[in-house]
Amino acid sequence: MIDQDKIILMTRLASYEKNEGKKNEAIGRYFRSDYIGWQVLKSIVSGTICFLIVAAGYVVYDFENFMLDIYKIDLLEYAQSILKKYVIFVGIYAVITYIVFTFKYAGARKKLKTYAHNLNKLSREYNNVE
Amino acid sequence: MTSLVMARQMIKRFYSKYEAFVLPIIKFLIGLICLLIINGRLGYMSQLNSFVIVLMVALMCSFMPLNFTVFVAAVFVLGHMYKLSLECLLVVGALFMILFLLYFRFSPNDTIAVLLTPICFIMKIPYIMPIAAGLLGGPTSAVSVGCGVVVYYVLEALIGGAGSINSLADEEMTTRLKFVIDTVLSNKPMLAFVFAFGITILIVYGVRRLRVYYAWFIAIGVGVLADIVLLLIFDLIFDTHVSGGSMILGSFVAILVGIVLQFLFFHVDYERTEKLQFEDDEYYYYVKAIPKVTVSNTQKKVKKINSSRKKPAPRED
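Protein sequence lines correspond, in order, to chains A and B. Quick note on numbering: the first sequence equals residues 1 to 130 in our numbering. Quick note on numbering: the second sequence equals residues 1 to 317 in our numbering.
For reference, chain B alone in the conformation it holds in the complex:
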């Protein structure tokens, strides 16, 4: 455990020392992964699939706020949708507009959640999102994760229905638009995940803020259980056929990720809790102080063995 704590401190020190370089690299990687996944899943517009363009845009993202990455990702998605059909562009554009208006009103700083939720779904580990967002974010993170879920399921539905949409090319525009809207709205798993994840985030956030020992661990456990129960309930209501195996495996990964996050962001030693009482002119203070777990760095001493040795005097022949 000591070595883990030391490693964490080293990472923190490294980050604070090289923040000017590390942050752009992280943003670049997020942008690059996000755009590559979008091109990999959609990829209808050949111009956007060019790796040079993706690289250039990802480089731009590295020096801009994270909200810019969301904007660029939305533009890429809309570009691919335009190539698929004009109706898809209209529907996805309207959806993005609604999400933009709702999302940016409440949680403009949770951009990372909107980007990571679809990526986690693609990587088959969506269950980590409500736990991570509940532990690190606030109640409004439910909106951000909800937006991510909606974006993922709408795009997946349109990818699945792409063949049928193309086969309706000769039909009237209203018929095609109706088909696209039907495809999007008939997406029941989307509703199940939006509600289940939203409620789970609120539960995790509420429990981790409780003034009890091991609140973060309790929040992780309660959150995972609540997520499973809620998904099962919504599975019955919406008849979504959520895979039980992937749910349990995903929840297990969510617990592991939760523990890692707890270690990185809230690693405290409850056994050394101190209860203090003091007063000033206006108040009495009853303070409970829980120390963070830290390890003092081992001092490296370099012992110079030969430094004091005098050079032998040159021989005089």
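Excised from the complex, chain A in its bound form:
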């Protein structure tokens, strides 16, 4: 005889596995610090590429003045000011990444916990039948 509750539970589990499950499982394999650290590292690389694109655009935009001033300016001071801007930009970006992915990790763990709870429930129901 068909057990309706069991079928509902199994459908729910299968739907979760098909949609969000894979992604959350991948997140759940990491320790919290490892996952967030990896995401922050990726953001630092992305942020660096973005900064380089913007910096290149700025140099090309003001190319004539840049070439005229390059012999007059204190290069060390100029490099320091660029480095400061880079650190601020990438720092803010990394902090935002940390916050966003902390929430994402917590959400994924919570859903995995519910999934495991439902699996146990299903397993108990099978044991009861036997």
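No lab work stands behind these hints: they were computed from the structure. Where is the CB? At the ideal position from N, CA and C, for every residue including glycine. Any given hint could turn out to be false.
Stated by the list, open to error - Computed from the model, here is a short list of chain A residues facing chain B with C-beta under 7 Å:
no., residue
1, 35
2, 40
3, 43
4, 50
5, 60
6, 61
Guided by the hints, dock chain B onto chain A, whose structure is given.
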């Protein structure tokens, strides 16, 4: 109202039954509309304007994830920009690269918002985007809608400046590049809309998640008001001259769209709210359950009138 609820249930049933066909058709239509609009607005590269190519690419989009449609749309835009001038290609390419790196880090599932925002701007109803994204998406939708706003305004600025860019054909490359960057950066309405829409999405999302009755309706109202106020403030700051009439009309459409979304995705009956209390070994539970509005299907009974009637026996002559 009952018939509306029944219609909604029918649509849901139809979608779940024919999902394998409906989803590709929706993706195909999104791809087709998006590419036709790009070709209609830009259309500098004649090879890409061919309807056969658009149709083939849209068909490809129908069997791929939505992110592929965004990729294809970006390739089409870059193709048209290349035909306009190499400098436009460089600037738009760099912009896409930055948006790609920022956007895909946080909200890779909000592709639809990036595609729909420029389309809504072209259709003169951009005000529905922050309300819809706040109701259906998350806080990171602000990034997706922001990307859409930036793409729209940059392309519009370059379309507007196309004549001037072509007239600088004899100038040096750096001069042309400077002109293109100036055209893009002098786009103040873009900043106003990015900030206003971003903040509005966060407000709508925050309010609709509140544990209060009619949270979605409150979120729609607060969102529309916040959007208008923010746009007026940024209008003063950036001196953007946003049209008041279109803002009010657009906000009215946004309210209507918000109500439709509420009906489709969060139609509950607050009057039948139940407050329950129970316990297990570890916790006490205080639960507030609000039932969804549903209508049971009317059972159709087919009454066979002649089924039991016996055939007359053949006459024996």
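Here is what the structure says about each hint:
Interface restraint check for residue 35/A: the shortest CB-CB distance to chain B comes to about 14 Å, outside 7 Å, so the restraint is violated. A least Cβ separation of about 10 Å between residue 40/A and chain B goes past the 7 Å threshold, and the interface hint is therefore violated. Taking 7 Å as the C-beta cut-off, the interface hint given for residue 43/A holds, the closest approach to chain B being about 6 Å. The beta carbon of residue 50/A is positioned within 7 Å of a beta carbon in chain B (closest approach about 5 Å), and the interface hint is therefore held.
Among the interface hints, the one on residue 60/A holds; its C-beta lies about 6 Å from the nearest C-beta in chain B, closer than the 7 Å criterion. Contact between residue 61/A and chain B, as hinted, is supported at the beta carbon level, the nearest pair being about 5 Å apart and thus within 7 Å.
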